[in-house]
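Protein chains in written order, with the numbering used here: chain P, 1106 to 1485; chain A, 63 to 204.
Keep in mind the hints are simulated off the structure, nothing from the lab. Ideal Cβ placement from N, Cα and C applies to all residues, glycine included. Fair warning: there could be bad hints in the mix.
To be verified - Result set (DSS-like, lysine-lysine): computed pairs, CA atoms no more than 25 Å apart in a straight line:
1. P/Lys1465 <-> P/Lys1197
2. P/Lys1300 <-> A/Lys131
3. P/Lys1322 <-> P/Lys1465
4. P/Lys1465 <-> P/Lys1420
5. A/Lys131 <-> P/Lys1258
6. P/Lys1197 <-> P/Lys1322
7. A/Lys170 <-> P/Lys1300
8. P/Lys1258 <-> P/Lys1300
9. P/Lys1465 <-> P/Lys1258
Said to hold, decoys possible - Quick list of simulated restraints, FRET-style, between CB atoms:
10. A/Val111 <-> P/Asp1252: 29 to 39 Å
11. P/Gly1419 <-> A/Gly191: 27 to 37 Å
12. P/Thr1292 <-> A/Asp78: 40 to 50 Å
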Amino acid sequence: MDVAIVGIGLHPFGRTPSMSGLQQGAAATRAALADAGVDWSDIECGYGGSQDGGNADAIVNEMGLSGLQFTHIFNGCATGGSSLHAAYTAVKSGEYRNALVLGFDKHAPGAFNASPADWGIDDWYGEIGLMLTTQYFGMKIQRYMHDHNISEKALVAVAEKAFHNGSINPTAWRRQALSSEDIMASTMISHPLRKYMFCSPAEGAVALILCSAAEAKRYTTQPIFLNATAVRTRHYGSFEVFSPSQPIKQADSPTVIASQAAYQQAGIGPADIDIAQLQDTESGAEIIHMAENGFCEHGEQEQWLRDGHTQIGGKFPVNTDGGCLANGEPVGASGLRQVHEICVQLRQQGGARQVPGNPKTGYTHVYGAPGISGVTILSR
Amino acid sequence: MSDKPIHANLFTWPADNPSLLGGLCGHCGEVSFPAQSSCRHCSGTGSSVIELGDRGTLWTWTVQNFLPKPPYVTDQTTATFEPYGVGYVEMPAGVRIESRLLTSDPEKLHIGMPMRLVIERFSRNDQGGHNLSFAFDCLEVS
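The following block holds chain P by itself, in its conformation from the complex (with noise of 0.2 Å):
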């Protein structure tokens, strides 16, 4: 059985103060089945996430206490991506009609501080300073640009762009564009990654409401079809976060894995795709995933990014809503937006940040610790 996205849902990504991370969650889930023409008491199954917004499942203290299967789900930054892979199958195996998807957070300002009895690992890594996210992602990409000749024009080229489609949509957090100039001139935080090419922890909500295609025109004119939801974890010898050593026997990335898995289910490959949104914790993750998700060779993006073909106006627009960069990452809600815009997109609903000539087809990857992808394909 098919399954077809007929509800969409946002509450706008940034700050705000009135609202706890439930109530957006709430905002969002209003939004959507409004959008899918559904009451509350007709939702049969939810999945949903947050790691500080609180329990998911408490939404029905917002929705209504309709008694409905609800599940919570939390496998870090990927939670979106498996809350929506969970609700995929609740759908396609019959035996739930329809089903919510629901992610929100809202996080203090500031790095993650991340507990190392959390992780496996003994005290003093966190002692000695090495329990960071942001160094990772530096020594990450510090090894990926020395190996594939990448340079700190295209770290910046990425953050630019982040910034200018942040500034035409309307629910992101930066909505300033930022100039290369401005970028290079931002606090190095841990080289060669500056502040500017950093997301942030933030706050903010994403809904959807699934059904089976066989049912999808009863709720919607534009339904966008799911071809493929695939949530992969990290083989042995991936370079991953917090890891006091590595092995020297280098592995493929849970990105990698759980890309090609979905182009198996949706039986089409990356030169079918239109759009694409890339998780962007920073902007060497982006120029990665771009090589890891198929869509060009390793050390291609240089020359992609000289020539713009990941601006919206590009021959392959990437991250059209400004990404995490632009719109921060509240870890629950943040892999759900991705698929959000896909389905603006789709549907031609982007306005100032339409991609031009009409996409048919989309592709979302959310990456998180400690080595977790889950990638979407979509269709309408």
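Assemble chain A onto chain P, guided by the hints.
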């Protein structure tokens, strides 16, 4: 002695020429750091502790330019914080070790450069001495 390693079995101590310590899996030969009783490669459980030596090459690096939040332990403040290098050092024993680097000058750090182990006084312990930790420094080739 009031100076003590920050954690057991990370490096030989006391020693005139300290060496990092790792684990060698008895089943598949995989090398880990720190030593762990079960193998992350083959899930075997018969591993032994081996010396990984005190020399390696820099595989990748970055610089920590802001004062980390806890669990980082330091007497420094945002005003007195001094950036430190972080890198993965590839050891001839067959593993890459994540480590603080004594050098934080990006002009002096290069992928592939030779590195040497140093044991540094890191933070104060509750016995009036210091916690000792491992770090790597650029090896000056004479």
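Hints and how they fare:
1. P/Lys1465 <-> P/Lys1197: The hint holds at about 22 Å.
2. P/Lys1300 <-> A/Lys131: 17 Å, holds
3. P/Lys1322 <-> P/Lys1465: With a Cα-Cα distance of about 18 Å, the restraint between P/Lys1322 and P/Lys1465 holds, given a limit of 25 Å.
4. P/Lys1465 <-> P/Lys1420: Holds, at roughly 14 Å.
5. A/Lys131 <-> P/Lys1258: This hinted pair is violated, its Cα atoms lying about 30 Å apart.
6. P/Lys1197 <-> P/Lys1322: 17 Å, holds
7. A/Lys170 <-> P/Lys1300: Satisfied, since the Cα-Cα distance of roughly 22 Å is no more than 25 Å.
8. P/Lys1258 <-> P/Lys1300: Given pair P/Lys1258, P/Lys1300 holds - Cα atoms ~15 Å apart, limit 25 Å.
9. P/Lys1465 <-> P/Lys1258: 31 Å, violated
10. A/Val111 <-> P/Asp1252: 29 to 39 Å: Taking Cβ atoms as reference, A/Val111 and P/Asp1252 lie about 33 Å apart, which means the hint holds.
11. P/Gly1419 <-> A/Gly191: 27 to 37 Å: 60 Å Cβ-Cβ, so the 27 to 37 Å window is violated.
12. P/Thr1292 <-> A/Asp78: 40 to 50 Å: Distance hint for P/Thr1292, A/Asp78 holds at roughly 42 Å.
The structure shown violates the earlier hints numbered 5, 9 and 11.
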